[in-house]
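J.: Sequence:
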Amino acid sequence: MVSNDNDVRARIGTLCGSLGMNITVFETAEAFQESLSSAKPNCAIVDVRLPDRSGLRLQQDLLADGIEVPLIFLSGDADIQAAVCAMKDGAVNFLSKSCRDQDLIDAIHEGIERDRGRRAHQAAAAEIRANYKKLTSREHEVMRLLATGYPVEEIAALLRVSPNTAKNYRRSVLEKMNARSLVAIVHDALTLGVITIPDGRRR
222 MVSNDNDVRA RIGTLCGSLG MNITVFETAE AFQESLSSAK PNCAIVDVRL PDRSGLRLQQ
282 DLLADGIEVP LIFLSGDADI QAAVCAMKDG AVNFLSKSCR DQDLIDAIHE GIERDRGRRA
342 HQAAAAEIRA NYKKLTSREH EVMRLLATGY PVEEIAALLR VSPNTAKNYR RSVLEKMNAR
402 SLVAIVHDAL TLGVITIPDG RRR
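Counted from 1, the sequence shown has number 331 at position 110 by my numbering; the numbering is strictly sequential.
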């Protein structure tokens, strides 16, 4: 939580404690950002008004640094414009400091779920990159051609190898990428940037 409002800090601390959640409190945006070098929170509850900069400015700074943290904003004012800006930039929710406990609990659970999904996606992408490194340069080319839509016969002709050799390359690519189908190869190629969605069948 990032807030210097003692009442808010006490309320949220009690609420999170009742839910069995660990919470770390920061009084300033700077202190929160510095903590991110050693810890990655599941989500953060951020006061719109902070001593050193606004909560919205903190959100922009995190986005600029490529740091993904689900943010829940709390405001003492009914600032529609600030709420629109925060939600547009990916905030989980924008709540009044006087909101119901259940609304805040729901937002926290949503933030945690978002973070869980993000971490799972990052882990899957890391596994894909690790598998890709196992491929030879020729297998890289075969994977690109497979993902682009070329059948084995055309791949064999393009690479000037026999159809059987091309089939062996395809089998090796599927095994090393831990892919069960060509659809999975397309997914992995998109994740790696080997191909892009606008590309046609021929490159």
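Since the hints were made in silico from the structure, they are not lab data. It should be emphasised that the depicted structure is a prediction, and the values quoted were computed from it without experimental measurement. Beta carbons are placed, not taken as given, at the ideal position from N, Cα and C, and that holds for glycine. Warning: the hint list may mix true and false statements.
Stated by the list, open to error - In silico lysine-lysine, DSSO-like type, Cα no more than 30 Å apart, as pairs:
| id | residue 1 | residue 2 |
| --- | --- | --- |
| 1 | K309 | K355 |
| 2 | K261 | K354 |
| 3 | K397 | K354 |
| 4 | K354 | K309 |
Stated by the list, open to error - Label pairs and their computed distance ranges (CB to CB):
| id | residue 1 | residue 2 | range |
| --- | --- | --- | --- |
| 5 | D286 | G234 | 26 to 32 Å |
| 6 | L411 | D298 | 39 to 45 Å |
| 7 | S317 | T417 | 31 to 37 Å |
| 8 | K397 | R339 | 40 to 46 Å |
| 9 | L257 | D327 | 20 to 26 Å |
| 10 | R340 | K309 | 19 to 25 Å |
| 11 | D324 | Q302 | 29 to 35 Å |
J.: Compare the structure with each hint and give your call.
T.: Each hint tested on the structure:
no. : hint                    : in the structure
1   : K309 - K355             : 40 Å, violated
2   : K261 - K354             : 27 Å, holds
3   : K397 - K354             : 9 Å, holds
4   : K354 - K309             : 37 Å, violated
5   : D286 - G234: 26 to 32 Å : 27 Å, holds
6   : L411 - D298: 39 to 45 Å : 43 Å, holds
7   : S317 - T417: 31 to 37 Å : 43 Å, violated
8   : K397 - R339: 40 to 46 Å : 26 Å, violated
9   : L257 - D327: 20 to 26 Å : 25 Å, holds
10  : R340 - K309: 19 to 25 Å : 24 Å, holds
11  : D324 - Q302: 29 to 35 Å : 21 Å, violated
Consistency note: the structure conflicts with the earlier hints numbered 1, 4, 7, 8, 11.
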